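Undergrad: Those protein sequence lines, which keep their order, are chains E and U. Once you know that position 22 of the first sequence is 22 in this note's numbering, the rest is easy, because the numbers rise by one and skip nothing. Once you know that position 261 of the second sequence is 261 in this note's numbering, the rest is easy, because the numbers rise by one and skip nothing.
If you're looking for bench data, these hints aren't it; they were derived computationally from the structure. These figures come from a predicted structure and were not determined experimentally. Even for Gly, the Cβ is constructed at its ideal location relative to N, Cα and C. Don't take each hint at face value.
Stated by the list, open to error - With a straight-line Cα cutoff of 25 Å, these simulated DMTMM-like cross-link-like pairs (lysine to aspartate or glutamate) come out: (1) U:Lys255 to U:Glu37; (2) U:Lys137 to E:Glu62; (3) U:Lys255 to E:Glu62; (4) U:Lys137 to E:Glu57; (5) U:Lys226 to U:Glu95; (6) U:Lys161 to E:Glu57; (7) U:Lys137 to E:Glu10; (8) E:Lys49 to E:Asp9; (9) E:Lys49 to U:Asp171; (10) E:Lys20 to U:Glu95; (11) U:Lys255 to E:Asp45; (12) U:Lys137 to E:Asp45; (13) U:Lys62 to E:Asp45; (14) E:Lys20 to U:Glu25; (15) U:Lys183 to E:Glu10; (16) U:Lys62 to E:Glu57; (17) E:Lys49 to U:Glu60; (18) U:Lys183 to E:Glu30; (19) U:Lys183 to E:Glu74; (20) E:Lys25 to E:Asp45; (21) U:Lys62 to U:Glu95.
Claimed, not checked - Per the computed footprint, the stretches of chain E lying under chain U, defined by three or more beta-carbons under 8 Å from a beta-carbon of chain U, are: (22) 33-46; (23) 52-66.
Stated by the list, open to error - Over 10 Å on every C-beta distance to chain U, these chain E residues come out as not near it, computed from the model: (24) Met1; (25) Thr3; (26) Ala4; (27) Glu6; (28) Asp9; (29) Pro28; (30) Glu30; (31) Lys49; (32) Lys75; (33) Gln77; (34) Arg79; (35) Leu80.
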Amino acid sequence: MKTAEETLDEILSLAAAHFKVPKEKLHPDEDFFKTLGINSLQTLDLLTKLENHFHVELPDYELQGVSDFRSLAEKVQVRL
Amino acid sequence: MSPSRGSVLSWSVSDGVIELALHREPCNELGSVSLEELERFATAFQLVQAEAHALIIHSELKAGFCAGADLRELYQRSQAIEKAEAARGVRDFLERIHRVLNLIDAAPLTTIAAVHGVTFGGGFELALACDLIIADKMARFCFPELRLGLIPGFGGIPRLKRDLGNAVVRDLLLTGRSLNAAKAQQVGLVSQVVGEGEALRAARAAAAQLGKFDRVTAAAAKKFIKPIPHEELRREIDLFCELFARPTVENGLRKFVESADAQPYLP
Numbered sequence: 001m002k003t004a005e006e007t008l009d010e011i012l013s014l015a016a017a018h019f020k021v022p023k024e025k026l027h028p029d030e031d032f033f034k035t036l037g038i039n040s041l042q043t044l045d046l047l048t049k050l051e052n053h054f055h056v057e058l059p060d061y062e063l064q065g066v067s068d069f070r071s072l073a074e075k076v077q078v079r080l
Numbered sequence: 001m002s003p004s005r006g007s008v009l010s011w012s013v014s015d016g017v018i019e020l021a022l023h024r025e026p027c028n029e030l031g032s033v034s035l036e037e038l039e040r041f042a043t044a045f046q047l048v049q050a051e052a053h054a055l056i057i058h059s060e061l062k063a064g065f066c067a068g069a070d071l072r073e074l075y076q077r078s079q080a081i082e083k084a085e086a087a088r089g090v091r092d093f094l095e096r097i098h099r100v101l102n103l104i105d106a107a108p109l110t111t112i113a114a115v116h117g118v119t120f121g122g123g124f125e126l127a128l129a130c131d132l133i134i135a136d137k138m139a140r141f142c143f144p145e146l147r148l149g150l151i152p153g154f155g156g157i158p159r160l161k162r163d164l165g166n167a168v169v170r171d172l173l174l175t176g177r178s179l180n181a182a183k184a185q186q187v188g189l190v191s192q193v194v195g196e197g198e199a200l201r202a203a204r205a206a207a208a209q210l211g212k213f214d215r216v217t218a219a220a221a222k223k224f225i226k227p228i229p230h231e232e233l234r235r236e237i238d239l240f241c242e243l244f245a246r247p248t249v250e251n252g253l254r255k256f257v258e259s260a261d262a263q264p265y266l267p
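Produce the complete structure using the sequences and hints provided.
TA: In structure tokens form, the structure reads like this:
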């Protein structure tokens, strides 16, 4: 079982690779919509990437209001 | 069938395979221009379908297959005219798009939706009219209509119910959550999941295989196994129009159109 920190780190790596930004520019508690400059359709891509990588299902409604990587990691962690 | 390049969709035929490509930015939202071009395609399709063995529908846009109905156009049009006239316009739009989708659904050749990315609402319904859905692993499927106070109106529920168990249909319809391609394949919605950017290639390979079979036999097999749920499709139009008359819908559409939310596509 991954630790919460490992999950968070993997999410940062996935986001950095998918949106082609240096991982060091991504911070766990910052608003990823602003940091990545992504719209709703790209957010769905990130959701799909996370589901495919962690082999989990993340219902969209559980992600309403989630805008930082740490909160996102918590949502993933409870489904691992 | 001569190749045709419209403003929002294009089609061509090669080796007995018709390809219909969607290309309206940002994500192939289906509005009045899309409907007109779909109707033009439908007319041409009827003339050529006896000579072809497969139809592939796909999107040329990176964002996805199709994000569904053009809600901005729907809202703006409904605001510009009297409510009764808007209601008549909605029914007319639904009747027309049902005719196109019923034609694709019942076509005497095999139809394949090659999807990627967003396959939501009306886009999902377009895919459901096809015989096979081949999805790239980044595809997502969703019926977000309930957040607007509506149900899917392009035949989605009867067609989904035809293909899947009622529990899955209720989950998708009542929660409005989206499914990824792997889950969609697991529940029986998608026939093949392929790598990113590979859906059209896989659809072409499937179409080439279909070309090896006798067309009359293939058409008979399809007709036998894929009944068109006409009665439920008709009831869906009536229910959609009944719900559209409620203030909830106007409020929901306004909220969507005016939203600065970073996630307006998420239910």
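Undergrad: Checking one constraint from the list: CA of Lys226 (chain U) to CA of Glu95 (chain U), max 25 Å. Satisfied?
TA: holds (21 Å)
Undergrad: Holds or violated: are the alpha carbons of Lys62 (chain U) and Glu95 (chain U) at most 25 Å from each other?
TA: violated (30 Å)
Undergrad: Check the hint pairing Lys49 (chain E) with Asp9 (chain E) against an upper bound of 25 Å on the C-alpha distance.
TA: Within the cut-off at roughly 14 Å; holds.
Undergrad: Given the hint that Lys49 (chain E) pairs with Asp171 (chain U), test it: the Cα-Cα distance must not exceed 25 Å.
TA: Satisfied, since the Cα-Cα distance of roughly 22 Å is no more than 25 Å.
Undergrad: Given the hinted pair Lys137 (chain U) and Glu62 (chain E), is their Cα-Cα distance within 25 Å?
TA: holds (22 Å)
Undergrad: Please verify whether Lys62 (chain U) and Asp45 (chain E) have alpha carbons no more than 25 Å apart.
TA: This hinted pair holds, its Cα atoms lying about 11 Å apart.
Undergrad: Any Cβ of chain U at or closer than 10 Å to Asp9 (chain E), or is the non-interface label fine?
TA: holds (22 Å)
Undergrad: Under the criterion that the straight-line Cα-Cα distance not exceed 25 Å, is the pair Lys255 (chain U), Glu37 (chain U) satisfied?
TA: violated (29 Å)
Undergrad: Does Ala4 (chain E) clear chain U by more than 10 Å, comparing its Cβ with all Cβ atoms of that chain?
TA: holds (23 Å)
Undergrad: Does the structure keep Lys20 (chain E) and Glu25 (chain U) at a Cα separation of 25 Å or less?
TA: holds (23 Å)
Undergrad: Assess, step by step, whether the Cα of Lys255 (chain U) is no farther than 25 Å from the Cα of Glu62 (chain E), and give holds or violated.
TA: holds (20 Å)
Undergrad: Are the Cα atoms of Lys49 (chain E) and Glu60 (chain U) separated by 25 Å or less?
TA: The hint holds at about 21 Å.
Checked against the numbered hints given earlier, the structure breaks hints 1, 10, 18, 21 and 31 and satisfies all the rest.
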